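J.: Taking the hints into account, I'd like the entire structure generated from these sequences.
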Amino acid sequence: MATLAERGIAPGREAWEYPRERPLLARLGRLAAKNPVGAVALLIVVAFFVLGVIGPYVAPYDPQAFDRYARLQGPSAAHWFGTNSKGQDIFSRVLVGARVSMTFGLVIMFFGFIPGAVLGIISGYAGRWLDYLIQRSSEAWTAFPQLVLVLTFLSAFGPGLRNVSIVIAIGALFGGSRLLRALAIVEKHKEYVAAARSTGATEFRVLWRHVVPNIMPYILVGISSVFAVAVLAEAVLSYLGLGLSPGTPGWGIDLASSLGSAQHYPYLVIFYGGAISIVVLGFNLLGDTLRDILDPRLRGSR
Amino acid sequence: MWRYALRRLSFLPIIVFAVSLLTFVILRVLPGQDPALVIAGQGATKAQISQIHAQLGLDHPIWRQYVNWVGDALRGDFGTTYQSQASIRSEFVRRFPASFEIVFLSLVVSAITGITFGILSAMYRNSVLDYAVRVFAVFGASIPEFFLLTLLIIIPSYLFNYSAPIGGYVSPLHHPWTNLRLFVPPALVLGIGGSAALMRLVRTTMLEVLRSDYIRTAHAKGLSQRAVIIGHALRNAATPIVTALGMAFVAIFGGSIIAEQIMSLQGVGQWFFASTVLRDLPVVQFLAVYTATVVIIVNLIVDLSYAVVDRRVRYN
Amino acid sequence: MKPVTAADVHASEVDVTERDLGLRYWTQGRISRRRLLGGVAVGGAAVAAIGLVGCTKQSTSAPVGTSSPGARPTTTVNDGTQDGPPTHLGGILRVRQDPVMPNVDPFGPGILALIQGLFLGFTVFDHMWYVPTDTGTTELFLATKVEQPDPLTVIATLGDATFHDKPPVNGRKVLASDVAASFKRFREETGIGFDWLHGVMADIVAPDERTVKITQKRPWAWVFTSSNAGSPITSSIMPAEILHGHDDLLHQTAIGSGQWVLQSHDNGANPKLRKFQNFRQFAGTKSIKGQPYLDGIDFKVVTDDNAALAAFKAGDLDAIGFASKDDAVQTQQQLGDKIVTGSDLGRDYDCLMLKYEPPFTDPRVRHAFNLLINRGEAIDLLEQGSGQRCGPLPPANKRYVLPDSDPALQEYFKHDVAEAKKLLDAAAFDYNQTHEMKFSNRPEDANLAEVLKGQFAKGGVKLKLTQQDLVRWLTTTLSQSQFHMTCFRQLPYEDPDLPLRFFLGAQGFGSNFMGYDDPKVDAAILAAAQELDETARIQKVMDAQRAIINAWAPMLNIYSPIGYGGRYAYVKGTISGRGSYGLFNRTTWLDKPA
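Residue numbers (my numbering), protein chains in the order written: chain A, 730 to 1031; chain E, 13 to 328; chain G, 35 to 628.
It should be emphasised that the hints constitute simulated quantities derived from the structure, not laboratory data. Quick caveat, the model's predicted, so the values are computed rather than measured. Mixed in with the good hints there might be a few duds.
[What the hints assert, rightly or not] Across the chosen pairs, the derived CB separations fall in these ranges:
hint	chain 1	residue 1	chain 2	residue 2	range
1	G	D625	E	P109	33 to 41 Å
2	G	Q368	A	G1003	21 to 29 Å
3	E	L42	G	K456	43 to 51 Å
Where is the CB? At the ideal position from N, CA and C, for every residue including glycine.
T.: Below, the structure is given as structure tokens:
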């Protein structure tokens, strides 16, 4: 469904990019500095994580405290982003909402993307029947409409941050596996793998110490996409009534619940919508920048 | 490559089978999914619930229900909806055009913006235009679709009292102008959202191609920049464009639920959503299989075009 | 009590308006009152279920009258004649459809049947009578005469009418046997709105072509109201021959004898209604020849509120229910006198249900919980001030509701955290216990839950909020009483019968959702329901409300929202302030060339 099949930015679809012989991590910083778009993207992403960690502690107001006498006030010195229809401080809710989105992204990363990445790498590295099994499962899982998964799981176990993020994570399983499988296949035929093996290293050690570090930049690209997906998924699910409970501070649910008043009180949607769009933009641009740096076809053209 | 394609194609039934089984089990095993509760309504007795179970064949063991369903499905009979008792096939046929048109028009928008922006961005690489175009495309993919589409409704209404003719699907054959007005907003939103990846790909391919020897030769022969781009570079980018469009398709296909919802189009996506909410099991089952089949086929096409790119890149 | 016959007010003898007739007839010792969306306790939630599918807020849909936004609802009867006789006949009214019906079968499926029932019941199907909410007097539709020779018997005499000209009925005459068969068919269904059919009606028979005789198991004063025999849903008159064994036909088309013929629909969406040329020419005793004035009504599915407002402003819809007061005010400013906007106090109301289990078996705890609810704040936070506090009976039931000055109601509306704590301490309430409150994912329910959680927290009472998807909540949590606490918006009922019956325990029709049973409360509610004299019944309804308050019965009502609507000024002859009666708008006409 829409939330994960997000406009083809999913990591699993980026197989037209190919790795180079040598580790690239070392060059990333230097190249990013040369790339203004990438630098801005990185700044956004870092700011997002900082807010995600400290947001609830620096929020000037309790984001869930009502104030019937301070409803629907425009931005002011007291309320930088104004207040919503329940008199809650929007600035505080945006700050706290960063934590929600970050948690969402982290859950999807740990329970969806990383297991998927591991499966993909194992699949490519091991080959044979294991590859076959994982690839076919991946195909079936990717084709399975996530709408069914999300709706039935949530109606069975109830909506809420935890359940929504877990179900999205399950749906995102295998998301990054295809690209990483392709990369693992390429890596495994490299000479250094054979060399490492010849020194008597175990397969696990070869994989962990040699193959994974070489693929790492691509894993970062994938993680960048995962966070973009997570922030958008929370918004779309909330709009469909499947996300967080209204009232919980979260960018998506706050945006979705304020849409009806957008005409009269634009500030109700601008800050939530802006937060979502800017953060997703940051992750997307960061991913793009990483891809550009990694893309062999662009090498030397700068 | 053809052997690869055939082999992949032979997996299609197996995967569709797996998807249908998974859907079947999830819908029947998880708590709170009993369609009889929805059908019986408020205050129904246990006896009434059991009677409905018996009527719908839900009292059989799951494996037998599944075997029955597969048997019917293989004969092309997907049953009737619980909610309207209409044949699922005829209901699908009725709802398909709206969904198809959204996806089709969005893909057209995606292709046009993606290719145009990609070419511009490659030709004026590292210029302000390059950055502006790239950020615009990525930004389009960064705003939640429902938000952007709502803005496209609110703003013209606020400024000009203008509204798209929302209120049901209108056939493009009978009322082409009304149809266009209805479909332009969702096509723009979904299309631009889906164009970011395509733009990236076109740009990368163009940059690569523009540096290659034969383009220099073409320039040397005195061909204009435009002729070079259109005649040579773009032709070379054809395969990756198909790839990216395939990816955009999957995304737009999913995104059409939101568009149908906001534009009140009563298409397949809205049907899928409503049926899942209302536990209309036969519909959910059918649409899960339909969606899976479409996605698998499109993925297959994408993978095949990978293979083409793969060969070229690997042996370059 | 001496039964009064209606013969003396038969149209041929007495020149009175329909309204006068009603007043005279029903105040002289009979029955009165109505109830409409009876089934709707849950039906309401079902309507909202579809609203959920459409991702929109439930909104008022009837065109409204001429008052300005924010004005208190008027008490004058607005029966559609305020604009004088129509200067233009014909034309098609375009209005929004939301929610979408899954089909056009009034019998199903299940939780959605009420949606079809409501839509078709007001349009395609005809009824014997209807009780508008403002006057509370029964207005005769197909019936030309109604008698109640004894409290258990109702005898109606029908006038001439024909069914729509569709096979297999082909425009034949409406017979008394059709009415009886229809009632009996609805009795095969279940649901809250069907209680009267199951619990009170003993039998319905047609001794001859024009006479319908209803017998009741026990006296039930609310028999005529919209919750019971005057229900737009379960009193719909359908041809007897299609009621059984014609499921396919029922899903595809609706055949009735109402003023509109269902011309087409897309499986329940975008229905088009056209004038029934052979519609009966009388309403009870009054001539309505020539009505409806319109050629038809086109419903357009618009599931998104923003899209609906845009369509209205662009002139694609002739009338709209606004999602908020802000929408009404701003649209009025933008379009000026091209449109007319107005407001109406809703009959729906928010409530909090406490399961009758510890600690809620202690009336002091229930009283304390009520004291913790700040109704005024809830109205401000949830409705931007557009609402009215709700006692045991929603305030829209003007004739029956306790006046604000009543000590009992003042006690009910009291908000006092300190006093609540005292009561909780006295009841040895465990403040460490966390109470789970379930609610659906309808926005209005979820927002209410959030506000209640905040208000209870001020008294030191901890709530844990559990959101459920609407269907799950409706079919399991509410219907099967699987909750400790739950809060939701009730549907709009048009008479006091159903709102009171929510408190009725074992003495009534079974048990209520809370599992609550108090003989005193039951006695008070039943006393009101069985009092046939209206003046006396009004007092008994008030006594019942006081009994509910005194017992701190575990359904705590919070407020009723005010709805806003608008229409273009060229839409004339609308009916407003009469509850759902406006949906029978035969008198609407368009003041522009068709």
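J.: Work down the list of hints and note, for each, if the structure agrees.
T.: Evaluated hints:
no. : hint                         : in the structure
1   : D625/G - P109/E: 33 to 41 Å  : holds (37 Å)
2   : Q368/G - G1003/A: 21 to 29 Å : holds (26 Å)
3   : L42/E - K456/G: 43 to 51 Å   : holds (46 Å)
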